[in-house]
Amino acid sequence: MSNEMKKSENIKSCIILCGGQSRRMGQDKGSMVIQDKPMIKHILSTLNHEISEAIIVLNDEKRIGKYSKFINLEDYDYRITFVEDKIKNKGPLPGIMTGLESIHSQFSLVLPCDSPYVTKDYINTIFNEIDGNYQAIVPYHDTEDKLKTSEPLHSVYNKNIIPEIKKLVCEDTLHIKGLISKIDAKFVLIDNKKILKKEFRNLNRPEDI
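Position one of the sequence shown corresponds to residue 0 (numbering that gives the first Met the number 0), numbered consecutively onward.
Source of the hints: derived by calculation from the structure; they are not laboratory data. It is possible that some hints are incorrect.
Simulated restraints on C-beta separations [claimed, not checked]: (1) LEU173 x GLU143: 22 to 28 Å; (2) ASN159 x LEU72: 34 to 40 Å; (3) ILE33 x ASP141: 25 to 31 Å; (4) ASP74 x TYR116: 17 to 23 Å; (5) TYR116 x ASP141: 26 to 32 Å; (6) SER51 x ASP171: 33 to 39 Å; (7) HIS103 x ASN191: 31 to 37 Å; (8) SER51 x ASP190: 26 to 32 Å; (9) LYS196 x SER44: 19 to 25 Å; (10) VAL32 x GLU73: 19 to 25 Å; (11) GLU170 x LYS36: 38 to 44 Å; (12) VAL32 x LYS119: 21 to 27 Å; (13) LYS147 x GLU170: 19 to 25 Å.
From a predicted model like this one, the values you see are computed outputs, not experimental measurements. Every residue gets a Cβ at the ideal spot worked out from N, C-alpha and C, and that includes glycine.
All chains, full assembly: derive it from the sequences and hints.
Right under this line is the structure:
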């Protein structure tokens with residue numbers, strides 16, 4: 000194994016998706032203040048001491064400027080990089096691709112900016128499930144239909160799926176579960192013991208707050 004490969008194995012990466020248009024919420028969700036701080040900062044705080052780098056994917060330079068003003072990089076013990084989504088307004092799939100192209104490791108956890116209830120236990124659990132024989136580690140709710148009840152925006156992905164994402168985007172096939180069906184995925188049950196259901200609660204509408 001090369002030194003470069005060994006280095007990448009020691010890096011834990013997380014991609015945080017903030018490129019959505021937030022139509023249902025009516026305002027930018029990541030910067031929206033929840034319990035006295037912007038929603039994304041709840042996630043960033045949880046990631047402290049758990050990862051090596053976070054890639055925050057935003058949809059344009061204006062939003063990057065906005066986030067860089069209220070996110071103090073010195074508050075976190077990992078590297079934070081802001082990147083602009085390479086393909087705009089096409090949902091989270093291109094955002095995952097943009098993030099995977101920016102990481103320094105082979106695998107990355109993906110999280111949405113509107114899931115402030117993710118815990119350190121979940122982060123540790125999902126990283127421990129990483130298996131080099133698979134291209135994704137995907138939590139799911141129901142054994143009768145793993146794919147349909149999966150949580151693709153709280154999953155881990157191998158950067159070797161980038162060509163498959165590019166192919167799907169070119170075909171305008173943007174459903175993430177369509178991607179999961181085409182790659183080698185390891186499904187992990189959300190059993191409310193090792194992995195709690197509340198981890199996956201997200202805030203889409205004003206009434207969710």
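Status of each hint after checking the structure:
Distance hint check: the CB atoms of LEU173 and GLU143 are about 26 Å apart, consistent with the given range 22 to 28 Å. A C-beta distance of roughly 29 Å is found between ASN159 and LEU72, which places it outside the suggested range of 34 to 40 Å. The beta-carbon spacing between ILE33 and ASP141, approximately 29 Å, falls within the hinted interval of 25 to 31 Å. Against the hinted window of 17 to 23 Å, the Cβ-Cβ separation of ASP74 and TYR116 comes to about 20 Å, which satisfies the hint.
Evaluation of the 26 to 32 Å hint for TYR116 and ASP141 yields a failure: the beta carbon distance comes to about 20 Å. At about 34 Å, the beta-carbon gap between SER51 and ASP171 stays in the expected band of 33 to 39 Å. Judged by the Cβ atoms, the range 31 to 37 Å given for HIS103 and ASN191 holds: they are separated by roughly 34 Å. For the hinted restraint 26 to 32 Å between SER51 and ASP190, the CB-CB distance of approximately 28 Å keeps it satisfied.
With their beta carbons about 22 Å apart, LYS196 and SER44 fall inside the hinted range of 19 to 25 Å. At about 21 Å, the beta-carbon gap between VAL32 and GLU73 stays in the expected band of 19 to 25 Å. GLU170 and LYS36 have their C-beta atoms about 40 Å apart, which keeps the hinted 38 to 44 Å range intact. Separation of VAL32 from LYS119 is about 23 Å and conforms to the stated range, judged on CB atoms against 21 to 27 Å.
Range check, LYS147 to GLU170: about 21 Å between beta-carbon atoms, so the 19 to 25 Å window is met.
In summary, the structure is inconsistent with hints 2, 5 from the numbered list given earlier, while agreeing with the others.
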